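Asker: Residue-level listing of the chains:
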Amino acid sequence: GAGVSQTPSNKVTEKGKYVELRCDPISGHTALYWYRQSLGQGPEFLIYFQGTGAADDSGLPNDRFFAVRPEGSVSTLKIQRTERGDSAVYLCASSLTSVGSYNEQFFGPGTRLTVL
Amino acid sequence: RKEVEQDPGPFNVPEGATVAFNCTYSNSASQSFFWYRQDCRKEPKLLMSVYSSGNEDGRFTAQLNRASQYISLLIRDSKLSDSATYLCVVNSFYNQGGKLIFGQGTELSVKP
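Protein chains in written order, with our numbering: chain A, 1 to 116; chain B, 117 to 228.
Simulated from the structure, these hints should not be mistaken for lab results. These numbers were taken from a predicted model, which means no experiment stands behind them. A portion of the hints provided could be inaccurate.
[Claimed, not checked] Partial pick of chain B residues on the chain A-facing surface, computed with a CB cut under 7 angstroms:
id : residue
1  : E159
2  : P160
3  : L162
4  : L203
5  : K215
6  : F218
7  : G219
8  : G221
9  : S225
Backbone N, C-alpha and C define an ideal beta-carbon position, used for all residues, glycine too.
Construct the complete structure from the given sequences, taking the supplied hints into account.
Answerer: Following this line, the structure appears as structure tokens:
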């Protein structure tokens with residue numbers, strides 16, 4: 001079946017602009033995660049959703065970052081007033097659920113964001 | 117101090133070699149442990165979970181020492197296709213999926 005998909009695959013924007021990154025999880029997966037990976041580093045947790053609600057948003061770096069998942073499926077990560085330091089690969093992952101014993105997280109290919 | 121620390125490498129080894137990666141974690145409440153593999157410009161993929169009793173999957177052996185907060189991965193008989201970055205990962209909550217905490221990754225390059 002289809003894996004996690006993310007669009008766009010690449011996004012180049014100018015400092016100060018607003019961007020939206022989209023994640024389409026594996027069908028039937030109720031948990032959805034966003035991570036950010038800078039060059040030479042491991043992925044860094046941003047936020048995760050169980051269903052429509054954000055269960056843990058402790059990784060969002062500041063209030064310029066916001067994510068939604070209104071219908072419990074597709075999620076959008078929104079970044080306002082982008083800064084050069086926001087340049088990274090934004091990874092989305094999904095799992096069957098986040099409740100109970102650990103469920104494997106499956107990652108999408110990521111969106112490479114470049115802020116000029 | 118980072119919550120999960122790894123030697124970034126790179127490790128350059130010949131085909132057939134045995135290579136070991138180490139990782140330490142700082143949060144003693146961590147409950148689940150994993151090794152992920154990430155190929156260049158690709159997404160991370162789960163390689164194997166790590167259990168206190170140690171576990172093996174073919175040429176790969178993972179060990180966990182909770183007392184020392186130390187995780188290891190051993191790769192025997194390295195193949196060219198093993199070249200990738202290996203990420204040590206912990207999950208702090210036992211009965212929740214929750215967030216994964218990644219180390220910075222150890223790069224492995226297997227040469228002919």
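Asker: Check each numbered hint against the structure and report the violated ones by number, ascending.
Answerer: 9
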